[in-house]
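Student: As a plain string of letters, each chain reads:
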Amino acid sequence: MEAQSSQHSQVIEISGDSPDGGRKICGEAPCGFADAGSISKDSEERSTSMRKLLMAVILCVIFMTVEVVGGIKANSLAILTDAAHLLSDVAAFAISLFSLWAAGWEATPRQSYGFFRIEILGALVSIQLIWLLAGILVYEAIDRIIAGPKNVDGFLMFLVSAFGLAVNIIMALLLGHDHGHGHGHGHDSHGHGHGHGHGHSHDSHGHSHGISVSTHHDAKHTKDEHHHTHDDHEHHHDEKHEHTHDDQEHHHAHKEVTEPLLGESKDGTKKRKQWNINVQGAYLHVLGDSIQSVGVMIGGAVIWYEPRWQIVDLICTLIFSVIVLVTTINMLRNILEVLMESTPREIDATKLERGLLDMEDVVAVHELHIWAITVGKVLLACHVKIRREADADMVLDKVIDYIKRVYNISHVTIQIER
Amino acid sequence: MEARDSLSSINGDFGFAGATDRRFAFSRQSSFQQPHTPIDIPAHGHHHHLYWSALDDKPSALRRTSSLSSFGFSVFRNVRSGHRYMKRLFLMISLNVAYSTAELLIGLFTGRVGLVSDAVHLTFGCGLLTFSLFVMAASRKKADREYTYGYKRLEVLSAFTNALFLLFMSFSLAVEALHAFIQDESEHKHYLIVSAVTNLFVNLIGVWFFRNYARINLAYRNAEDMNHHSVFLHVLADSIRSAGLILASWLLSIGVQNAEVLCLGLVSVAVFMLVLPLFRASGGILLQMAPPSIPTTAFNKCLRQISALEDVVEVSQARFWELVPGHVVGSLTLQVKKGTNDRPILEFVHGLYHDLGVQDLTVQTDEA
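Sequence order for the protein chains is A and B.
Numbering-wise, the first sequence is residues 1 to 418 according to my numbering.
Numbering-wise, the second sequence is residues 1 to 368 according to my numbering.
Just so you know, the hints here were simulated from the structure itself, not pulled from any lab data.
Yeah, the Cβ is synthetic: ideal placement off N, Cα and C, and Gly gets one too.
Certain hints may be false.
[What the hints assert, rightly or not] Under 7 Å between C-beta atoms, here's a sample of chain A residues computed to sit facing chain B: (1) T108; (2) P109; (3) Q111; (4) Y113; (5) R117; (6) Y139; (7) L339; (8) T343; (9) E346; (10) A349; (11) E353; (12) H369; (13) A381; (14) S410; (15) I414.
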């Protein structure tokens, strides 16, 4: 076997036809990280999230232009400042969009795990932006106090922030639409049910050696086999393709998808709890903006009513900024945990280790490391010491099967030692 | 390759004495521009710190809680016991806090907005430096159940956050320059001269403290390097900004048009160029990129050597990443012929990668 590390191929892999490598070794091209089955699920989720964010960005830009035009016409600094605030929203969405898009890039020899981490870094940058904006707002409030009551028009402040609040609420609804649906069973159930089914047909195609997951797809399978081989990277293309199927097939697929879904129910429920971290970040940004708009509105109303009570504005802004920061803490904690390579919260490492030790033939487990490349994609590596006379290959199979079955960690590397 | 050595190396327990000198003097080292193959391989989990903080024996029952009071105590203990850079950082932060409080109070009493805004900006930077200080203390914690790789990554995170902040600062300076260009107003700069001079002075003290890290492209040998380097860049950027403001004021006073735009633009570009290498290096580590110090050809050579073994059918899924600069982790999957004794193969593979600088390696052997 010669070592070929092509520049476009993902991992430094030595190619070879492994007849039975399907379960333990992914020899297939798209196995940059996850197994081929989840690639389509990923791209599904990714393209939906990207669509949502794109709509949010477009909406934001429209509102921003409206505000800029209005601000220039009315010659009001307050409106222009709010337009700048919306610009920061656009920046945050752009970061999330970019992260979403970049996370789908294929792995390269230098980036052997693919680019999934970009999601996390993008979310971190987003959160830093939120904190920065909160700080700027506090500074502006202090500025208003020092500038004196005469210069501030409370009514205008109130109006502008009310408008900002309305815009933010619209976007929050847009982004948060699927909250609790994970991969969108509610609203685009067709696309997702279909996509899910397709994910499985792809799976069985990719690992043509012996794993047939979707027995019911055989009729359609032969027809669209050809299309799916090179539709790997074109997520949108995939989607469009699905939608051109005629109604009969829709029903057909729809009925059948319940089967793989039942099998994957564990994964499904997990997905529902973790929606894409970048969309979550954008949602948090919009939420934070709404909270702050409420604060500025209250401040504006107070100043409009009684220009001498400026201090209320500052207090309000401070309180609401603190509230915004508190909402980001949860997501920040998740991000930090992933970046620190810590054991993901949903996996109990002690139980796993005990489960492994309970197996016969296993003497000791050490150097157990469980970490996530991004929220939801977990890897495991450990050294397992077995009894001298045990069959290493069988123990390896048992261990990998146990981990995959019980903890749903698919990317596992076990070093068996005697 | 002794048998005993390889035995212990398989168990992931390298018996190196860790004889690296903690006190780097970068000015005495030769050029750093070349790719750096690590010569010293620090042992896995080995701390070459001479001073331990009480955080090390925290009970594992305190899952994922970090108490600010224990941070405060450990900082004071470390500062007193003399970890050089922590002491200096602590001193700098205190100076900055004192200075910005003074500025804030004066600004509030005399009603000068510029001073207040400067104080607020300084507080941001201070907060970030405090985070770096906290990380210096917290990263010494030993690995536990949840953080199986330890806490060293925090230093890389702190470096990344600093770099990000500096990028934001560069961007905001550019916006300020644009603002000055459009509005063409420059009245509020002249009474900030005193504050700018003091700011410059305070930051130059910081530059002097961290002068060992006075390079843009640094070869990072361990985690602390990144953190210290980021602190250095932070104070350097601040001093450049203050110097820029002073220069702008002077140029304005002698009648140069658009001096503010020029100076602010220059400062913005300078800070951006300064911080980009650190941003990319720390970002690369956080992205699980393959270690930049080990070239791809070296990896390929190892793979060829392994697949040249007669019992090995296939090598796949070779992945390597850096936990912190200098600590490389990897995993590999081998397919071997049925019935081979995997022990010598394992030893060989581990030895091969150990020479390359990969400390933690997990090798899975499947029988074909």
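Student: Determine for every hint whether it applies to the structure shown.
Tutor: Results of checking the hints against the structure:
no.: 1; hint: T108; verdict: violated (9 Å)
no.: 2; hint: P109; verdict: holds (6 Å)
no.: 3; hint: Q111; verdict: holds (6 Å)
no.: 4; hint: Y113; verdict: holds (5 Å)
no.: 5; hint: R117; verdict: holds (5 Å)
no.: 6; hint: Y139; verdict: holds (5 Å)
no.: 7; hint: L339; verdict: holds (6 Å)
no.: 8; hint: T343; verdict: holds (5 Å)
no.: 9; hint: E346; verdict: violated (12 Å)
no.: 10; hint: A349; verdict: holds (6 Å)
no.: 11; hint: E353; verdict: violated (10 Å)
no.: 12; hint: H369; verdict: holds (5 Å)
no.: 13; hint: A381; verdict: holds (4 Å)
no.: 14; hint: S410; verdict: violated (12 Å)
no.: 15; hint: I414; verdict: holds (5 Å)
Hint check: violations occur at hints 1, 9, 11, 14; the rest are consistent with the structure.
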